[in-house]
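**Student:** Going down the list, the sequences are from chains A and S.
So the number in the working numbering is just where the residue sits in the first sequence, counting from 1, plus 178.
So the number in the working numbering is just where the residue sits in the second sequence, counting from 1, plus 415.
Simulated from the structure, these hints should not be mistaken for laboratory data.
Just so we're clear, the structure is a prediction, and the values are computed from it rather than from any experiment.
A hint or two may mislead.
Chain S stretches covered by chain A per the calculated footprint, using a threshold of three residues with CB under 8 Å from any CB of chain A [claimed, not checked]:
| id | segment |
| --- | --- |
| 1 | 457 to 464 |
| 2 | 508 to 514 |
| 3 | 517 to 526 |
For every residue, glycine included, the Cβ atom is placed at its ideal position computed from N, Cα and C.
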Amino acid sequence: DSGVTQTPKHLITATGQRVTLRCSPRSGDLSVYWYQQSLDQGLQFLIQYYNGEERAKGNILERFSAQQFPDLHSELNLSSLELGDSALYFCASSVSTGVDTQYFGPGTRLTVL
Amino acid sequence: AQSVTQPDIHITVSEGASLELRCNYSYGATPYLFWYVQSPGQGLQLLLKYFSGDTLVQGIKGFEAEFKRSQSSFNLRKPSVHWSDAAEYFCAWGYGNQGGKLIFGQGTELSVKP
Numbered sequence: 179d180s181g182v183t184q185t186p187k188h189l190i191t192a193t194g195q196r197v198t199l200r201c202s203p204r205s206g207d208l209s210v211y212w213y214q215q216s217l218d219q220g221l222q223f224l225i226q227y228y229n230g231e232e233r234a235k236g237n238i239l240e241r242f243s244a245q246q247f248p249d250l251h252s253e254l255n256l257s258s259l260e261l262g263d264s265a266l267y268f269c270a271s272s273v274s275t276g277v278d279t280q281y282f283g284p285g286t287r288l289t290v291l
Numbered sequence: 416a417q418s419v420t421q422p423d424i425h426i427t428v429s430e431g432a433s434l435e436l437r438c439n440y441s442y443g444a445t446p447y448l449f450w451y452v453q454s455p456g457q458g459l460q461l462l463l464k465y466f467s468g469d470t471l472v473q474g475i476k477g478f479e480a481e482f483k484r485s486q487s488s489f490n491l492r493k494p495s496v497h498w499s500d501a502a503e504y505f506c507a508w509g510y511g512n513q514g515g516k517l518i519f520g521q522g523t524e525l526s527v528k529p
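When you get a sec, could you build the whole thing from the sequences and use the hints?
**Tutor:** Here it is as C-alpha cells:
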C-alpha cells in the first residue's frame, strides 16, 4: 500500500459525458501528479500540482483539467469524453516540487462506451 | 525530444535464471532515473532510483541497476528470478527543470517459466 488513494476504482460512462477522478496523496506529500496509461500511448504524464499550484504540464488535452485543493487532494476532470479516453488513470504523490520518488495510487480504470 | 527506450517488449526467463532488462534514455545531461514495477491490476511500485553518486544502485526485492553515462543506459538486473517477479517493468527519466515530470519507457513484460 503506497498510501495514495484513488476513487473510484472503475468508471464506465458514455461518450460526451463528464467524469471526475479523485486522488488523496500520502500524508505529508505536497505534489500530486496525474498519468494516463493506455495500450497505444503507454504511460503519459498529464499534469503536476504542488501545494495547490500547477507546476508542470504534459500532454493533457484541453477537455481535461485538474486542480489541487487546500487539503492537498486533487481531482482530474475529463469532459466531452471520447472512446479514446478509455485508459487507466494514475495519481502519484511526492514530497517535493522537483524530481523525487513518486508513490502511485492503484489507479482508476475509465471505460468510455 | 527526451525519451526513454525499453527495447524488449516481452522477456521470458526460467525461474532461478538471471535477468537483465534494458533501458536507454536520450538526453545529454545527467538524468534522474527510476525503475518501477507494475503487477496486474496494481499501481506502480518503485524498485530503485539513481540521482547521483555510485552508479550501481541497489533496490528492493534483490534488484540492482547500473547507470552508464557513456551508453546512456540504466539496465535493471537480478541474479536469480522468482516466479513472483512476473510483472511489467518500467524505466523512467526525470529532469530537474521540468518539475517532477517523469517520462516512462514503453515497459517490458516479464514472464517466468517454472
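**Student:** For each hint, tell me whether it holds in the structure or not.
**Tutor:** Hint check results:
1. For the segment 457 to 464 of chain S, the stated coverage by chain A is satisfied: 6 residues place a CB nearer than 8 Å to a CB of that chain, which reaches the threshold of 3.
2. For the segment 508 to 514 of chain S, the stated coverage by chain A holds: 5 residues have a C-beta nearer than 8 Å to a C-beta of that chain, and at least 3 were required.
3. Figure legend: the segment 517 to 526 of chain S, annotated as covered by chain A; annotation consistent (6 residues with Cβ-Cβ distances under 8 Å, at least 3 required).
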